[in-house]
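Chains as they are written, first to last, in my numbering: chain Y, 31 to 434; chain G, 31 to 434.
What the hints contain is simulated information worked out from the structure, not anything from laboratory work.
Just to be clear, a hint being listed does not mean it is correct.
What the hints assert, rightly or not - Example chain G residues on the side facing chain Y (calculated, C-beta under 8 Å, incomplete):
{"id": "1", "residue": "Tyr32"}
{"id": "2", "residue": "Glu36"}
{"id": "3", "residue": "His87"}
{"id": "4", "residue": "Gly137"}
{"id": "5", "residue": "Lys139"}
{"id": "6", "residue": "Met308"}
{"id": "7", "residue": "Ala310"}
Unchecked claim - Taking lysine to any residue pairs in the SDA-like style, the calculated list, with each CA pair at most 20 Å apart, reads:
{"id": "8", "chain 1": "G", "residue 1": "Lys377", "chain 2": "G", "residue 2": "Tyr346"}
{"id": "9", "chain 1": "Y", "residue 1": "Lys65", "chain 2": "G", "residue 2": "Glu97"}
{"id": "10", "chain 1": "G", "residue 1": "Lys33", "chain 2": "Y", "residue 2": "Asn423"}
{"id": "11", "chain 1": "G", "residue 1": "Lys95", "chain 2": "Y", "residue 2": "Asn423"}
{"id": "12", "chain 1": "Y", "residue 1": "Lys40", "chain 2": "G", "residue 2": "Glu97"}
{"id": "13", "chain 1": "Y", "residue 1": "Lys95", "chain 2": "G", "residue 2": "Asp73"}
{"id": "14", "chain 1": "G", "residue 1": "Lys40", "chain 2": "Y", "residue 2": "Arg311"}
{"id": "15", "chain 1": "Y", "residue 1": "Lys40", "chain 2": "G", "residue 2": "Lys40"}
{"id": "16", "chain 1": "G", "residue 1": "Lys121", "chain 2": "G", "residue 2": "Cys300"}
{"id": "17", "chain 1": "Y", "residue 1": "Lys433", "chain 2": "Y", "residue 2": "Glu380"}
{"id": "18", "chain 1": "Y", "residue 1": "Lys226", "chain 2": "Y", "residue 2": "Asp266"}
Glycine is no exception: its CB is placed at the ideal position from the N, C-alpha and C atoms.
Letter by letter, the chains look like this.
Number of protein chains: 2
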Amino acid sequence: MYKINENYQKLPGSYLFSTIAKKVSAFTTANPDKKIIRLGIGDVTQPLAPAVIEAMHQAVDEMGKAETFHGYAPDLGYEFLRKAIAEHDYKSRGCEISADEIFVSDGAKSDSANIQEIFGVENKIAVCDPVYPVYVDSNVMAGRTGEYNPKTETWSKVIYMPCTMENDFVPEFPKETPDMIYLCLPNNPTGTTITKSQLQEWVDYANKVGAIIIYDGAYEAYISEAEVAHSIYECDGAQTCAIELKSFSKNAGFTGVRLGYAVVPKALKCGEVSLHGMWARRHGTKFNGAPYIVQRAGEATYSPEGKAQLKEQVAYYMKNAATIKQGLKEAGYMVFGGVNAPYIWLKTPEKMTSWEFFDYLLEQANVVGTPGSGFGPSGEGYFRLTAFGSYENTLAALERIKKL
Amino acid sequence: MYKINENYQKLPGSYLFSTIAKKVSAFTTANPDKKIIRLGIGDVTQPLAPAVIEAMHQAVDEMGKAETFHGYAPDLGYEFLRKAIAEHDYKSRGCEISADEIFVSDGAKSDSANIQEIFGVENKIAVCDPVYPVYVDSNVMAGRTGEYNPKTETWSKVIYMPCTMENDFVPEFPKETPDMIYLCLPNNPTGTTITKSQLQEWVDYANKVGAIIIYDGAYEAYISEAEVAHSIYECDGAQTCAIELKSFSKNAGFTGVRLGYAVVPKALKCGEVSLHGMWARRHGTKFNGAPYIVQRAGEATYSPEGKAQLKEQVAYYMKNAATIKQGLKEAGYMVFGGVNAPYIWLKTPEKMTSWEFFDYLLEQANVVGTPGSGFGPSGEGYFRLTAFGSYENTLAALERIKKL
Numbered sequence: 031m032y033k034i035n036e037n038y039q040k041l042p043g044s045y046l047f048s049t050i051a052k053k054v055s056a057f058t059t060a061n062p063d064k065k066i067i068r069l070g071i072g073d074v075t076q077p078l079a080p081a082v083i084e085a086m087h088q089a090v091d092e093m094g095k096a097e098t099f100h101g102y103a104p105d106l107g108y109e110f111l112r113k114a115i116a117e118h119d120y121k122s123r124g125c126e127i128s129a130d131e132i133f134v135s136d137g138a139k140s141d142s143a144n145i146q147e148i149f150g151v152e153n154k155i156a157v158c159d160p161v162y163p164v165y166v167d168s169n170v171m172a173g174r175t176g177e178y179n180p181k182t183e184t185w186s187k188v189i190y191m192p193c194t195m196e197n198d199f200v201p202e203f204p205k206e207t208p209d210m211i212y213l214c215l216p217n218n219p220t221g222t223t224i225t226k227s228q229l230q231e232w233v234d235y236a237n238k239v240g241a242i243i244i245y246d247g248a249y250e251a252y253i254s255e256a257e258v259a260h261s262i263y264e265c266d267g268a269q270t271c272a273i274e275l276k277s278f279s280k281n282a283g284f285t286g287v288r289l290g291y292a293v294v295p296k297a298l299k300c301g302e303v304s305l306h307g308m309w310a311r312r313h314g315t316k317f318n319g320a321p322y323i324v325q326r327a328g329e330a331t332y333s334p335e336g337k338a339q340l341k342e343q344v345a346y347y348m349k350n351a352a353t354i355k356q357g358l359k360e361a362g363y364m365v366f367g368g369v370n371a372p373y374i375w376l377k378t379p380e381k382m383t384s385w386e387f388f389d390y391l392l393e394q395a396n397v398v399g400t401p402g403s404g405f406g407p408s409g410e411g412y413f414r415l416t417a418f419g420s421y422e423n424t425l426a427a428l429e430r431i432k433k434l
Numbered sequence: 031m032y033k034i035n036e037n038y039q040k041l042p043g044s045y046l047f048s049t050i051a052k053k054v055s056a057f058t059t060a061n062p063d064k065k066i067i068r069l070g071i072g073d074v075t076q077p078l079a080p081a082v083i084e085a086m087h088q089a090v091d092e093m094g095k096a097e098t099f100h101g102y103a104p105d106l107g108y109e110f111l112r113k114a115i116a117e118h119d120y121k122s123r124g125c126e127i128s129a130d131e132i133f134v135s136d137g138a139k140s141d142s143a144n145i146q147e148i149f150g151v152e153n154k155i156a157v158c159d160p161v162y163p164v165y166v167d168s169n170v171m172a173g174r175t176g177e178y179n180p181k182t183e184t185w186s187k188v189i190y191m192p193c194t195m196e197n198d199f200v201p202e203f204p205k206e207t208p209d210m211i212y213l214c215l216p217n218n219p220t221g222t223t224i225t226k227s228q229l230q231e232w233v234d235y236a237n238k239v240g241a242i243i244i245y246d247g248a249y250e251a252y253i254s255e256a257e258v259a260h261s262i263y264e265c266d267g268a269q270t271c272a273i274e275l276k277s278f279s280k281n282a283g284f285t286g287v288r289l290g291y292a293v294v295p296k297a298l299k300c301g302e303v304s305l306h307g308m309w310a311r312r313h314g315t316k317f318n319g320a321p322y323i324v325q326r327a328g329e330a331t332y333s334p335e336g337k338a339q340l341k342e343q344v345a346y347y348m349k350n351a352a353t354i355k356q357g358l359k360e361a362g363y364m365v366f367g368g369v370n371a372p373y374i375w376l377k378t379p380e381k382m383t384s385w386e387f388f389d390y391l392l393e394q395a396n397v398v399g400t401p402g403s404g405f406g407p408s409g410e411g412y413f414r415l416t417a418f419g420s421y422e423n424t425l426a427a428l429e430r431i432k433k434l
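Bound conformation, chain Y alone (with noise of 0.2 Å):
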């Protein structure tokens, strides 16, 4: 008889998202009245910029006639969006990184599960916590994790970096040496970052102890502070200890498009072995490319139409940001995050847990955000509300939040 693989039994049920879901229904379906405002999405909702369904339309027309179709797309995703990468995201900031060292891909979800597929399962994980659980849950998948412990939620084998309001959000060397070490700058969910300087130290940190940082930039477009690096290339010897991953999903909105990117410089190596290489060929064997009309979309959000309506489509949630920001300060909570991301992290009142507090935002203000807790043990008596909804809706929702 075949066995599975058992690692997938350990994974504890992943049911923040559904939990959430069971709730909200309850509550509707107990109060008609009641008009919700969800807060607690990380999707985005404003459309495609127009000069990317300009493209898309247009990629779509050579899709339908033989001279210009286009089938298998080459390993590393096409040239022309490559270059653009290379180009406006890198060269752009002084980072020295070439069209072939990006791999393109179908998002940073896939990426950040996948990556760890390239090392051995021996190594030990650092995250900070709290943290997007795919990085422990892919992870676990693999066997790199050791036990759970149901009453800490934490892993035996993974190192955790608390990043609270006591550090100031900024995670600190572990006692324990780390391998992988994985960095979500700006973070979801905190919507905190840290300082190029302060990225320099783990940069510097990761080439002295031989650990691999694996940092996923998903929400770089929404930097606003100067003193924040918009790419670990930014620093010093990053291209020999880390991989760095993005995401067009934020930027652009693209979540139901799907694209993203990896970048595995030539000079990172381990011993004498090319992890470009075995990138390269894990991609080539279990991928096979996003499609190439979402290559050609990706292409226009570099073009000078392309990033003023972006610009604007940023500016449109950091406007939310601000006022949701403003307005919880107003009502006296403690709130973080919000500058540098489309995410706002605030303390919990008088102790309340993150779920205590879920059912109160939702009784008491019909307004639905994500309980902290779910994002790792230090998530606990935090909570994260998100500047993707509608201007309006996210007016209204800081009202009610003010009048409780």
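Position chain G relative to chain Y; hints supplied.
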């Protein structure tokens, strides 16, 4: 210092298509006046059907308006597509597969490479020989295949099931009992397949010995003979032993659009563990769904117009297949396949190796094909031609071959 996944170091170079490219490039440089015809590719050349183009334009427009914008897709894929698949690919053939047993993906390559992740590394795999290389390569990466023997070009822990003219290309039950059996039917590269009653024997065998069948039906649309099953679920008992993978690449020309699906029946269990639940967890953690636009394109392939247009497209390629097969026969070759698949498999003449025949065909007829040995040791002495070129080129290539 972090460690890499050492299994990658065991992989021999993937030289098949790069060696072909180098040889063709050298030949054209030396013979700039010769016009090369390529019948080696597995990629389609006909443009997308009008019904698909129309659906994509409409979906692009939806993405440009806030009211009809689509963000993250549901984990399993949109219901409109899963319902269409269940109805047209299963219910219409008497197979009881429901929409929620279907997982929409970005293609059969990804699915066939990823599906092994939910199984234990101690499982022993069996593959037809020759076959699509992704099955073995993805298992090498996972550490399931033992050591590589460069002389025999085989892996110590892989069970090879030779499919040659001697056994009429029908795989035989292996002496050693496998845990996971990969079947690609109709087969790439041989273009041959087995009857429904022969497939039933495999289903019975798998249920008896406790093996799982990974059934890759990527070429199903090319089946022309009545006794060949279009789905493994036409066989009794397949729901308790088989996962079926399907692709839109070859029936609808989606190689650059990227869409496929996996069927994991709810009745499929390893002891008490539901494989459906495991694949759902893997899908939800390591993948974020095919683009909305692409899922609408997939739906359009099931409309009356779409079906009629795709029938024509398949007929176009199968006319090429018939042309190749007939032409090769007239030229005195032994040929196989080409009836239920777009691939023609020929026995090389005069005990030439696959690569010797490659050189001969390139130099004497300026026609490019694929050496059979690239698909496994039992492919040695065979050669693959594909029906995916234009009719004019196919005809011209065969005229040249006949003149040799």
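Each hint tested on the structure:
Checking tyrosine 32 of chain G against chain Y: minimum C-beta separation of about 4 Å stays under 8 Å; hint holds. Interface hint status for glutamate 36 of chain G: upheld, as the beta-carbon distance to the closest one in chain Y is roughly 7 Å, under 8 Å. Residue-level restraint check for histidine 87 of chain G holds (minimum Cβ-Cβ distance to chain Y is 6 Å; threshold 8 Å). Look at glycine 137 of chain G: its Cβ gets to within about 5 Å of chain Y, closer than 8 Å, so that hint holds up.
Hint status for lysine 139 of chain G relative to chain Y: holds, with the closest Cβ pair at about 5 Å, below 8 Å. For methionine 308 of chain G, the interface hint holds, the least distance from its beta-carbon to any beta-carbon of chain Y being 5 Å, beneath 8 Å. A cut of 8 Å between beta carbons decides the hint on alanine 310 of chain G: the least distance to chain Y is about 10 Å, and the hint is violated. For a cut-off of 20 Å, the pair hint linking lysine 377 of chain G to tyrosine 346 of chain G is broken: about 25 Å separates their Cα positions.
As the CA atoms of lysine 65 of chain Y and glutamate 97 of chain G are separated by approximately 18 Å, the hinted pair is consistent with the 20 Å bound. Restraint check for lysine 33 of chain G and asparagine 423 of chain Y: the C-alpha separation of about 49 Å exceeds 20 Å, so the hint is violated. Under the criterion of a C-alpha separation no larger than 20 Å, the hint pairing lysine 95 of chain G with asparagine 423 of chain Y is consistent with the structure, at around 18 Å. Of the pairs offered as hints, the one joining lysine 40 of chain Y and glutamate 97 of chain G is violated, with about 41 Å between alpha carbons and a cut-off of 20 Å exceeded.
In summary, the hint linking lysine 95 of chain Y to aspartate 73 of chain G is supported, as the alpha carbons are separated by about 16 Å, within the 20 Å threshold. About 12 Å separates the Cα atoms of lysine 40 of chain G and arginine 311 of chain Y, which keeps this hinted pair within 20 Å; it holds. In summary, the hint linking lysine 40 of chain Y to lysine 40 of chain G is not supported, as the alpha carbons are separated by about 29 Å, beyond the 20 Å threshold. For the hint linking lysine 121 of chain G to cysteine 300 of chain G, the alpha-carbon distance of about 26 Å lies beyond 20 Å, and the restraint is violated.
A distance of roughly 17 Å separates the Cα atoms of lysine 433 of chain Y and glutamate 380 of chain Y; the hinted pair therefore holds under the 20 Å criterion. Between lysine 226 of chain Y and aspartate 266 of chain Y, the direct Cα distance comes to roughly 11 Å. Compliance with the 20 Å bound is thereby established for this hinted pair.
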